[in-house]
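Chemist: Sequence:
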Amino acid sequence: MNIITYAAFSYLITAAISFAVIGVIVGISKLLSSPNAS
1 MNIITYAAFS YLITAAISFA VIGVIVGISK LLSSPNAS
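Mind the numbering: the sequence shown is residues 1 to 38 in full-length UniProt numbering, read in order.
Hints may be right or wrong, so weigh each one.
What the hints assert, rightly or not - Cβ-Cβ distance ranges computed for the label pairs, FRET-style:
{"id": "1", "residue 1": "Ser34", "residue 2": "Tyr6", "range": "38 to 44 Å"}
{"id": "2", "residue 1": "Ser10", "residue 2": "Leu31", "range": "30 to 36 Å"}
{"id": "3", "residue 1": "Ser34", "residue 2": "Met1", "range": "41 to 47 Å"}
Just so you know, the hints here were simulated from the structure itself, not pulled from any lab data.
Where a beta carbon is used, it is the ideal one built from N, C-alpha and C, also for glycine.
Start from the sequences, fold in the hints, and give me the full structure.
Modeler: Below you can see the structure in the form of structure tokens.
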């Protein structure tokens, strides 16, 4: 596996983790701001 493929793979993993973390934070914030939502 060459360096370009490795860099792209690492970027995709980092982006996926960042998106998941942001999603969790937003979800918790919504639950805390509106506990009666569901």
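Chemist: For every hint, state whether the structure bears it out.
Modeler: A quick look at each hint next to the structure:
The hint said 38 to 44 Å for the Cβ distance between Ser34 and Tyr6, and at roughly 43 Å that hint holds. Between Ser10 and Leu31 the Cβ separation comes to about 32 Å, which falls inside the hinted range of 30 to 36 Å. Roughly 46 Å separates the CB atoms of Ser34 and Met1, a value that falls within the hinted 41 to 47 Å.
Consistency with the previously given hints is maintained throughout, with no hint failing.
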